[in-house]
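Chemist: With the hints as extra help, turn the sequences into a complete structure.
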Amino acid sequence: MSEDIPHQNLAIIGHVDHGKSTLVGRLLYETGSVPEHVIEQHKEEAEEKGKGGFEFAYVMDNLAEERERGVTIDIAHQEFDTDEYNFTIVDCPGHRDFVKNMITGASQADNAVLVVAADDGVAPQTREHVFLARTLGINELIIGINKMDLVDYSEDSYKEVIDEVTDLLNQVQFATDDTTFIPISAFEGDNVSEASENTDWYDGPTLLEALNNLPEPEPPTDAPLRLPIQDVYTISGIGTVPVGRIETGTLNTGDNVSFQPSDVGGEVKTIEMHHEEVPSAAPGDNVGFNVRGIGKDDIRRGDVCGPADDPPSVAETFQAQVVVMQHPSVITAGYTPVFHAHTAQVACTIESIDQKIDPSTGEVAEEDPDFIKSGDAAVVTVRPQKPLSIEPSSEIPELGSFAIRDMGQTIAAGKVLSVDER
Amino acid sequence: MGDVAAKIKVMPESPDVDLDALEDRLEAALPEGAEIRGYQREDVAFGLVALLPTVIVPDDAGGTEAVEEAFSDVEGVESIDVDSVGRL
Ligand SMILES: Nc1nc2c(ncn2[C@@H]2O[C@H](COP(=O)(O)OP(=O)(O)OP(=O)(O)O)[C@@H](O)[C@H]2O)c(=O)[nH]1
Ligand SMILES: [Mg+2]
Numbered sequence: 001m002s003e004d005i006p007h008q009n010l011a012i013i014g015h016v017d018h019g020k021s022t023l024v025g026r027l028l029y030e031t032g033s034v035p036e037h038v039i040e041q042h043k044e045e046a047e048e049k050g051k052g053g054f055e056f057a058y059v060m061d062n063l064a065e066e067r068e069r070g071v072t073i074d075i076a077h078q079e080f081d082t083d084e085y086n087f088t089i090v091d092c093p094g095h096r097d098f099v100k101n102m103i104t105g106a107s108q109a110d111n112a113v114l115v116v117a118a119d120d121g122v123a124p125q126t127r128e129h130v131f132l133a134r135t136l137g138i139n140e141l142i143i144g145i146n147k148m149d150l151v152d153y154s155e156d157s158y159k160e161v162i163d164e165v166t167d168l169l170n171q172v173q174f175a176t177d178d179t180t181f182i183p184i185s186a187f188e189g190d191n192v193s194e195a196s197e198n199t200d201w202y203d204g205p206t207l208l209e210a211l212n213n214l215p216e217p218e219p220p221t222d223a224p225l226r227l228p229i230q231d232v233y234t235i236s237g238i239g240t241v242p243v244g245r246i247e248t249g250t251l252n253t254g255d256n257v258s259f260q261p262s263d264v265g266g267e268v269k270t271i272e273m274h275h276e277e278v279p280s281a282a283p284g285d286n287v288g289f290n291v292r293g294i295g296k297d298d299i300r301r302g303d304v305c306g307p308a309d310d311p312p313s314v315a316e317t318f319q320a321q322v323v324v325m326q327h328p329s330v331i332t333a334g335y336t337p338v339f340h341a342h343t344a345q346v347a348c349t350i351e352s353i354d355q356k357i358d359p360s361t362g363e364v365a366e367e368d369p370d371f372i373k374s375g376d377a378a379v380v381t382v383r384p385q386k387p388l389s390i391e392p393s394s395e396i397p398e399l400g401s402f403a404i405r406d407m408g409q410t411i412a413a414g415k416v417l418s419v420d421e422r
Numbered sequence: 001m002g003d004v005a006a007k008i009k010v011m012p013e014s015p016d017v018d019l020d021a022l023e024d025r026l027e028a029a030l031p032e033g034a035e036i037r038g039y040q041r042e043d044v045a046f047g048l049v050a051l052l053p054t055v056i057v058p059d060d061a062g063g064t065e066a067v068e069e070a071f072s073d074v075e076g077v078e079s080i081d082v083d084s085v086g087r088l
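The listed protein sequences correspond, in order, to chains A and B. The first sequence finishes on residue 422 if you use our numbering, and the numbering steps up by one all the way, no holes. The second sequence finishes on residue 88 if you use our numbering, and the numbering steps up by one all the way, no holes.
Heads up, some of the hints might be wrong.
With a cut-off of at most 20 angstroms between alpha-carbon atoms, the simulated DMTMM-like pairs for lysine to aspartate or glutamate come out as follows [to be verified]:
1. A:K296 x B:E65
2. A:K415 x A:E363
3. A:K296 x A:D310
4. A:K373 x A:E363
5. A:K373 x A:E395
6. A:K415 x A:D354
7. A:K296 x B:E13
8. A:K159 x A:D177
9. A:K296 x B:E78
Chain B is nowhere near these chain A residues, computed Cβ spacing over 12 angstroms in every case [as the list claims (entries may be wrong)]:
10. E40
11. G189
12. G237
13. L417
Think of the hints as simulated: they come from the structure by calculation, not from any bench. A virtual CB, placed ideally from N, CA and C, is assigned to each residue, including glycine.
Modeler: In structure tokens:
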């Protein structure tokens, strides 16, 4: 892993069987990130059998096997370097219940590659993943129209799928000028690292070029300190120690901080990270710290720590845009499921359903609808039943998204549009 | 649908919790179908060490909730957070 090039988290999204895993394997292979012994092993076996030629399928199988065996510890992540970036790939789980993890987890994706099979076009999970990418604040989408080999590299088929995808992107108001379409075959390798002769009608970038052209993710340090509290400890000789991961801003010793919604504060005395005392900590850092005058019962998990002069917002109500992913019946005003936002889990009442968004136009379809159901996107007003610190996604995206759970399922995901503070 | 690897952050109740014994208790508490594939440990602060098991769950099992709930009830556990998830 290169130290001196910027890092990006890249989500690979798309419908079941459209070729996400194959594309991940192909990217690893083309960037020389497949472990040497996997390729060597293949060469030996091929020579033994007297077979020449390279079979990508074989590398795929062995990569899968190696990961199943769990040789590397961080098996959920795969990395590769291009000229411009060090990428960590997240091959997104298909099941909707993992959406909560994507929202509250440590590594949010910066950009995404959407894989759409040329022989199948836009399919249900394509739709759902695009909705989520939009909700989760993915900046740019690169769209790989995959399996071009199965449609004889036909430009007409490619264009048909592009039209379908463009419609979908318009529906969810993804700015289509920030998207790049590329005809690829993950399996054969067309237009991944080199322009393919099979698509001489295409003169855009290869997939690796498009990845290199992505804008650099902006470091979130411009925003004020926001540090959701994960746990609160009493450590002998030290006192009360809140622990958590810094989402935005910096935490310095001597800072005057405030914990919301508990509404207490004080001066930061010491900060430790990896068991070492540090004068300051930045986004992504897991820290434990100690604040003058704060007792163990004064603060709790779900509080957010911020500067005393720019404290975390506490919502009396907030307006949000939600996408309903699965619900057995319909959602009406008065519904009170549990909202999962950063480290907080708070029952919240959907006080009113303000607008339903028409998926075919992206425009307001209905003001004050009576109900919403699976597949609907809507703007709702939410009243937390207990104090909740949350921020408008446009101001602090890291603290502005949530998952809604009920009956043991993730039923919706959303982002905060505005906060009516207490 | 394949399997999903979830890296789960388990915070102990105090710096004094024996993490080797905690690993055994987590193992014993796993819901059916889930499997632990190795642990990492991360020094946090003031003697606190987080335990990070990588848990494999089937994609169609419907998320990490069952594992999170099972781990939360284990003796010596303060909190559970899912750090990251990805397809195997
Ligand atoms: N002909 C052809 N087949 C492909 C291509 N890409 C993937 N496939 C095949 O399509 C099937 C599905 O590919 P995967 O990479 O497993 O698809 P996936 O999107 O990861 O599927 P899930 O993880 O189940 O959602 C496999 O049999 C691949 O070999 C391609 O470019 N051309
Ligand atoms: Mg796959």
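Chemist: Does each hint fit the structure? Answer for all of them.
Modeler: The hints, checked one at a time:
no. : hint            : result
1   : A:K296 x B:E65  : violated, 28 angstroms
2   : A:K415 x A:E363 : holds, 17 angstroms
3   : A:K296 x A:D310 : violated, 23 angstroms
4   : A:K373 x A:E363 : holds, 17 angstroms
5   : A:K373 x A:E395 : violated, 29 angstroms
6   : A:K415 x A:D354 : holds, 15 angstroms
7   : A:K296 x B:E13  : holds, 13 angstroms
8   : A:K159 x A:D177 : holds, 16 angstroms
9   : A:K296 x B:E78  : holds, 14 angstroms
10  : E40             : holds, 23 angstroms
11  : G189            : holds, 21 angstroms
12  : G237            : violated, 9 angstroms
13  : L417            : holds, 26 angstroms
Hints 1, 3, 5 and 12 from the list above are not met by this structure, while the remaining hints are.
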